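4 protein chains.
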Amino acid sequence: MIIIMNQSATKEQIDNVEKKLSQLGFKTHPIFGEIKTVIGAIGDKRLLNTQTILSMPGVENLVPIMKPYKLASRELKQVSTIVEVGDVKIGGDELVVMAGPCAIENEKMLMDTAVKVREAGAKILRGGAFKPRTSPYAFQGLETEGLKLLAAARDATGLKIVTEVMDTRDVELVASYADIIQIGARNMQNFRLLQEVGTSGKAVLLKRGIAATIEEWLMAAEYIMAAGNPNIVLCERGIRTYETATRNTIDMSAIPVVKEVSHLPIIVDPSHAAGNWKYVGALSKGAIATGADGLIIEVHPDPSVALSDGPQSLRPSKFAQLMSDLKLIASAVGRTL
Amino acid sequence: MIIIMNQSATKEQIDNVEKKLSQLGFKTHPIFGEIKTVIGAIGDKRLLNTQTILSMPGVENLVPIMKPYKLASRELKQVSTIVEVGDVKIGGDELVVMAGPCAIENEKMLMDTAVKVREAGAKILRGGAFKPRTSPYAFQGLETEGLKLLAAARDATGLKIVTEVMDTRDVELVASYADIIQIGARNMQNFRLLQEVGTSGKAVLLKRGIAATIEEWLMAAEYIMAAGNPNIVLCERGIRTYETATRNTIDMSAIPVVKEVSHLPIIVDPSHAAGNWKYVGALSKGAIATGADGLIIEVHPDPSVALSDGPQSLRPSKFAQLMSDLKLIASAVGRTL
Amino acid sequence: MIIIMNQSATKEQIDNVEKKLSQLGFKTHPIFGEIKTVIGAIGDKRLLNTQTILSMPGVENLVPIMKPYKLASRELKQVSTIVEVGDVKIGGDELVVMAGPCAIENEKMLMDTAVKVREAGAKILRGGAFKPRTSPYAFQGLETEGLKLLAAARDATGLKIVTEVMDTRDVELVASYADIIQIGARNMQNFRLLQEVGTSGKAVLLKRGIAATIEEWLMAAEYIMAAGNPNIVLCERGIRTYETATRNTIDMSAIPVVKEVSHLPIIVDPSHAAGNWKYVGALSKGAIATGADGLIIEVHPDPSVALSDGPQSLRPSKFAQLMSDLKLIASAVGRTL
Amino acid sequence: MIIIMNQSATKEQIDNVEKKLSQLGFKTHPIFGEIKTVIGAIGDKRLLNTQTILSMPGVENLVPIMKPYKLASRELKQVSTIVEVGDVKIGGDELVVMAGPCAIENEKMLMDTAVKVREAGAKILRGGAFKPRTSPYAFQGLETEGLKLLAAARDATGLKIVTEVMDTRDVELVASYADIIQIGARNMQNFRLLQEVGTSGKAVLLKRGIAATIEEWLMAAEYIMAAGNPNIVLCERGIRTYETATRNTIDMSAIPVVKEVSHLPIIVDPSHAAGNWKYVGALSKGAIATGADGLIIEVHPDPSVALSDGPQSLRPSKFAQLMSDLKLIASAVGRTL
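Protein chains in written order, with numbering that gives the first Met the number 0: chain A, 0 to 336; chain B, 0 to 336; chain C, 0 to 336; chain D, 0 to 336.
Only chain A is shown next, with the shape it has when bound in the complex (with noise of 0.2 angstroms):
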C-alpha cells in the first residue's frame, strides 16, 4: 500500500501517517520526492479500514498494491477452478451451454424448450421462477410452481437446472430444487443474499451487476466464498453505457480479465447484453472466441408469445443451428461442445 502525502502536507503529518501505520502493523518506508513525499506501507490491507488513513490530515490518496479479493484471485490459487455439477463440469475444456426460456410460463413450453435444447446439446436448462421485474405490475414469475416445473423437466431430460433466488427467505426453498442457484445482475450487491447462498451447498451462477466493475463483481464471489461455497461460475451479461443500440454492452474483455486475476469460470450471456435475438448468434460465437467457459441463452418455443424477454429469445431451430456453428469455433480455439 502506498500512501501519498499532498504537496503542502507538513513533516508533523507525515510522522503521523507513519505512526498510526506503525500502530497497525505496518512497516513504513517513506520516499521524500521534492515536491511531495509518498509512504509504502508493508502488511495485510484487508486487515485495515483504509478510510482512517485517507481521512488523515496531509494524506492525498492511498494506492492499494494488493487486491481486495483474496479467495477469488489467482494469486492465491493459480490452477483453474472447475465447478462441477453432477457430471457436469464448468471451466474444463469441454463448453457449457445453459439454455431455456426467460421465465417459466406452463409446463408444456417449459418441457418443450428442454426436449429440444438437450436435443441441441444444452447440458443445463434456465428458466425463472422468481422474476426480477422493473414494473411490479408485470409478470413476476410462477414461483414454487415454477421450481416444481423445473425438477419435472430435469427428470424428464436429464437436464441440470438454474434458478434465479431474489430473496434470502427462499433462498432454502430453491436450492431444494435447483443444481445451481443464480444471483441476477440486481442482486450482485445484496450482501446478505450472497452470504446466504454461501451456505446452501449448491453451486452459484454470480451474475454481474449492471454497472459493477470487475473488481466489484469478484468481490461479491468472495462473499459467497468467505461463506464456505467455492462452487462459482461468473456470468458477464453486458454492461450499462451510453450506447442504446443494444439493451446493454456487452464486456468482451472482461473474459480475458477473468481469467487473468481469478481461477473462477466464466460464461456469457449474450440474450440479456444485446437485447436482441439478432444479434444472440454473432456474440455466442465472439465470446466463445475471446475464451469464455460457456454461454447462458434464452430459448423460447414461441417468442411472441413469451411472457417476459421474448425479443431476445430464440427459437429452437435457430439455437439448434447455432450450436453447431459453435462446435466449429470451440474447435478453432481447442474446446470442445
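No wet-lab data here; the hints were simulated from the structure.
Just to be clear, a hint being listed does not mean it is correct.
Result set (DMTMM-like, lysine to aspartate or glutamate): computed pairs, CA atoms no more than 25 angstroms apart in a straight line [stated by the list, open to error]:
(1) D:K66 - A:E59
(2) B:K35 - C:E215
(3) B:K326 - B:E83
(4) D:K35 - A:E259
Here the structure is a predicted model, which is why all the values come from computation and not from measurement.
Here the structure of chain A is known, so what remains is to put chains B, C and D in place on it, guided by the hints.
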C-alpha cells in the same frame, strides 16, 4: 403506444400486429409512410406485455407514449407530496437536513454527533446499523445494538432517525425502531425488499441506484407505492460515470427532472456522491439552489477514526458553518432552513 | 416522424403543430388518445429542423422513424460495400489485417516491423506520422519524415499503408503518401476534417469516437460520403465506460449492429481498446468470430523502447502466432485470412 | 512515480527496471513487500515516456504521483487566474454571464437578442458563425457573414463577443473578430486547433469534451498554455452518461474539483447540458451556488423558429427573470452579478 414496422414488413405482418393489438383491447391507427408503416395503439399499456408485440415478425420498435409509472407520476397527482415524519415535513417550504455518521460505532460518538447536528439545525439523525460493504472483511455494522443506540439518541435529542435495511427478514425489526427506513443504492432494485417496506407503515428514503435511470428509480418508488406506502422521499446520491475525480457524479439535473415528472420530494446526498468531504459544502449549496427539498450529510466527530466512509465526513464544526451558509441559499430560493 | 403532445396540450397547440408540419411539406395523421395526442407526420425529415417542432408549445417529444443517415445506410444500399485499396479488398470473404507500430520512430524499426508483419500475413502497414497525444510534452510524431519512411516501407514490402491525419491543412500531404487515411477517435466529429478527406480521393479508416454512439459514427461516415467519398472502413476501437480494468471497453456488439444498419465494412482495433497486449489475442479472435471484416493491431519489435503505446504492442513473434490462430477462427466462420 | 512489480517478477526484472529508471535520471527506492515489490522513482515524469517502463517485463502498473499538467495546475500557480477581456473580468468576485443564440441567423434576431441580454445584465454575447452539426444536411452557420454580424452587435451594444472556431484554417479569421474564441466540446482534443488558438492572442473558452475526464480537460488547457496563451476559461457543459432524461449529465462536482486542482476560472453551460430550456433556470442557480464563475446561456427571441438548438433556448423575458433570481444566489455566496 406507437409500433414502428420495419421497411420490409409485409402487409400480412402489419395486419397481424393490428389483429393482436385489437385482441389485447387496443384501438389501432395505422399510418402508411412511403417507406415504413407505423401503428398508433390506444389503450392501457400497463396491462400489456410490450415484448409480445416487439417479438412479432416485421416489428422494428415500440415507442411508449405514457410513463410506465403511475402512482409516482405527476400526471396522476399534480400536487407535490409532503412526507410527514412526526412534526417534520419533507417536501414543503422548509428544507430538511439529515445528518450523522455513516456507521454507528458506539454510544458516545453517536450521542455526541446527534447533539451537535441538532444544535446546527438538522432535524433527522442518520446512522447505519446494517452496513452494505463491498468487502466481506469490512465492518458490517452493530445491527440491533446500533438500532437501540439510535433510539436512545432520538430519546435524548428529539431528532427523528433514519437507518438502512438490507434484508427482507430485518424489515420488521428496523421498522420497530426507525422513523424513516432507508433503501440503499445497491438495493434499489431489490424488489422483494421494496415490497416489504411498502407494507411497513414507515416513511421510506429511496436512494437512487448507482446506475439507475430516473425512470427506473421512479419504478422502484412505484413498487413501494403499489404495496400501499405513499410516503417516499427520493435521494439523489451520484451515479456511476467514467469520471474518477469524484467517487460518483452527482446528477443535479435529476432534481428538476424529478420535480417535473413526479410529485415526490427529493433530497441530495453530497457525501456519498463526492466521496470527499472537501466537495460536500459546494455540492450542498448547489443542490439547494437547484431545488432539492433537503440534504443528507455525513458528520463524524473524528473522521480519521471512523469505521466507515471517514474521508467523506464533515466534522461537526464544519457542518455547523455549512448549515449557516445554507440558510442564505435557502432564503435566496424562497425557502427556509 | 411521430410528435407526442403533452398531457395538457390544448386543441389550439395541436392545430398549430399540424399547421406548421403541413407548411413544411408533411402529411399529418393525429391520433387522439384518452390522455395524450400523438401526430404522425409523413415526409422527408432530413429537410426539417426537428427542433422547430420540439420548441413549439405543447410538444413533449418527437420520435424519428427513419435513420438520420442515408448514404451510409443499408436501407439505401443493400449490398455490402467492399472497399478496394489496390488489390486489397476490405469487406469481402477474405479478412484484412493491418499491423505495425503506433508511431513511426525511425527507418530501421519501421522496415523491420513491415517485413515481419507481411511475413505473418498482414496486408496493410499501419504507422503514425502525426500523433494525437494527450500531453503537449509527449512525442508528436515524425510528420513528413514519417510519411516518407512509410512510403519506403511500402516500396520495399508491397504492403499498403494507412496513417492518420489530424489537421485539414495536412490532408493533401497525407493523401499524397497514404493508401488509406485514418481519422482518429478524437477527430471523429471534426467535421471539417471529415469533409476534407471526403474530397481526397483516398479510402478512409474512420475510427469510432471514444464516446460516440453507433448512430453518430455513421453520421460521421455520412459527412465523408456526402462530400463524395464512398470508400469508408469503420473501425471499432473501444468506448469509454466506468470500467478501468481495460483502457476502453471494446463494444463487440457494434459489429452485428453495424452490419445490420449499414453496408460499410467494419474492422476492430483490439490494441487501443484493451491498452494491454495481454488481451489483444483473445479480443482479436473474438472480433473475427463476431463478424468483423478485419483487424488493426499494434506490433513493435521491442515494445519496451516504443515512443508511444508500447504496453499494448505485440512483438512480431506473438503477432505471427496470433495470425496463425486467427486462420482457424476465420475458417470456422466461413472466411479466409 | 511508483512502479508496482507483479507477484512473479524476478530479481533480474526488478534490477532492470531500476537500471532503466536510473538511466532516465530518476532516483529509485525499492520497497520489498512479502508478495510484491514496488519501486519509488523521484524525478520529472513529464520528461519520461511512462510506457517505456510499463512495457518492461515484470511491471504490473505505474502510479503517477504528480499531475500530468503543470501550467494549468494550482500546484504551480496558487493564485486564481482572472481572465480579462477588455473591462470584463472572468474569475473574480463578479460573476460573468454570456448569452445569445446558438447560431447567428440574421442581423435582426442577433441585434434584438444582444440588446435584450445586455439589458438583463449579460456582459458577453454568444453566437455561432461556424456550427459543428451532427448531420451534414443541417444548417452549418453563416460563417464570415455571421462574424460580421457579431462585430456589428458588439459595436451597437458594447457587449464582448464569443464565438466558436472549428478549423485551424479559420483561427486567424475568427480571432480578427472575436473577443473570446470558443473551442467546442467535439474539438477539445483537436490538438492542432488547441495549438493554433494558443498563438492567437485571444482569450479562449475551452468547453469540456463530451466524455473527457477533468484531467484530460486540463491537459487540453495545458496545450493552449504551452503554446503561449494563459487566458483560458473552462466551461463545463455536461458529460455523456447512460441517463437520457437530459441530453447530457451536468457534472456540478467538476466546479469544486477544478477550483482545487487548477487556478483557471470555470463557467457552466446549462443549456447544452440539459438540452431543454425547462431545466436551465434550476441548473443556472445550482451552478452559481456550487461556485462557478459564470454561465453561458442560450437565448433566442423565438425558440420555435431557431435554426439550431431551439428547445434549449430561453426567451429574453425568461432570461431577464433568471438574471434577477441569480443576483440573489450570487449574493448568498458572497459574489455579485
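Comparing the hints with the structure gives:
| no. | hint | result |
| --- | --- | --- |
| 1 | D:K66 - A:E59 | holds (12 angstroms) |
| 2 | B:K35 - C:E215 | holds (22 angstroms) |
| 3 | B:K326 - B:E83 | holds (22 angstroms) |
| 4 | D:K35 - A:E259 | holds (17 angstroms) |
The structure is consistent with each of the numbered hints, conforming to all of them.
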